[in-house]
Amino acid sequence: MIKEEKNVSTKSTAEVVWATVKMCGLWLWPGVLCLTASAVAASWQLVWIKEWTDASSPGSQSNPYDPYWIQGLVALCIGAVVARMAGNTLLSYAMNRMSRVLHHGMLEHVLFSPVSFFDATPRGRILNRFTADLNDVDSRMATLGRQTIQNTLVALSRLAVIGTESVAVIVVGVVMLIVFTVGLAVLTGAVNATRFVRSAHFSRVLQHVTETIESLTIVRVFGMTERFYQRFCRLADQNLRVSLASVMCSRLTRTFAVGCSQTIVLATLIFTVVVGADETRDASRSSSIGLTLNSSLS
Numbered sequence: 001m002i003k004e005e006k007n008v009s010t011k012s013t014a015e016v017v018w019a020t021v022k023m024c025g026l027w028l029w030p031g032v033l034c035l036t037a038s039a040v041a042a043s044w045q046l047v048w049i050k051e052w053t054d055a056s057s058p059g060s061q062s063n064p065y066d067p068y069w070i071q072g073l074v075a076l077c078i079g080a081v082v083a084r085m086a087g088n089t090l091l092s093y094a095m096n097r098m099s100r101v102l103h104h105g106m107l108e109h110v111l112f113s114p115v116s117f118f119d120a121t122p123r124g125r126i127l128n129r130f131t132a133d134l135n136d137v138d139s140r141m142a143t144l145g146r147q148t149i150q151n152t153l154v155a156l157s158r159l160a161v162i163g164t165e166s167v168a169v170i171v172v173g174v175v176m177l178i179v180f181t182v183g184l185a186v187l188t189g190a191v192n193a194t195r196f197v198r199s200a201h202f203s204r205v206l207q208h209v210t211e212t213i214e215s216l217t218i219v220r221v222f223g224m225t226e227r228f229y230q231r232f233c234r235l236a237d238q239n240l241r242v243s244l245a246s247v248m249c250s251r252l253t254r255t256f257a258v259g260c261s262q263t264i265v266l267a268t269l270i271f272t273v274v275v276g277a278d279e280t281r282d283a284s285r286s287s288s289i290g291l292t293l294n295s296s297l298s
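When the count follows this note's numbering, it moves up by one through the sequence shown with no breaks and lands on 298 for the last residue.
The reader is advised that the hints may include incorrect statements.
Said to hold, decoys possible - Derived DEER-like restraints, expressed as beta-carbon distance ranges: (1) V182 - Q238: 23 to 33 Å; (2) M85 - L26: 13 to 23 Å; (3) T148 - S57: 37 to 47 Å.
Hints listed in this document are in silico derivations from the structure and should not be mistaken for laboratory results.
It should be emphasised that the depicted structure is a prediction, and the values quoted were computed from it without experimental measurement.
All residues carry an ideal CB built from backbone N, CA and C; glycine is no exception.
Let's have the full structure, built from the sequences with the hints guiding it.
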């Protein structure tokens, strides 16, 4: 008796995240710390350039031609690059360990499963599980995980830089951060739900193909080739529709993220340029506007 494949996950998001962190091992946290240092150094570069610009103002006591400025900027640039390279390397080791642990666990469970498991589970479903794991964990998750950690840390550091110049902007940023977190949780749930349904439909396609290949001679003898072909087309069409739904959810997530970021940029423009238009002639005020706009756009 073949068991029906589930279309929803039986694990909560917290359980999945905790299991992923444990499989990554000790390489994960030093990598995150290195990327945090890189984000801080990259944001500090903007503050350093702003202070260097303020040193050129008439009332400043600092010498803008002092080699101290260029030496500090070079040190920050090198530190940001080295920290990012070290962080990416450590995260690569963490993702590699997670992949090895996950694959070993999957192979061990499959190889030590009783014969009844293979009787109740089609080979197409097992093949789909391993191919989805290779694609999602080894390729997509490794890349998207590093990008998510880097972009999140850079965004928080940029928001902190903006907050040093405009309190109103950081209030808007905190509000948008809350909205983004809630919206991302909902949209991520929708993306995962469509992926589970797509995986279940793709298992049926693979199951149909493997069973047809095994019994191809019998299918031809009884003249059922056209019927099997039509069923394959129906399964492929259902899988394509679910795949398009998953792609649309992913695009909606990206559009939502872009909308939140553009809202922060617009708030920065309003509170730094429009509201403070009477103070733009001051050199320090001009450098502050440049700092906040550059931080919000980058």
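Original post:
In ascending order, which of the hints set out earlier in this document are inconsistent with the structure?
Top reply: none
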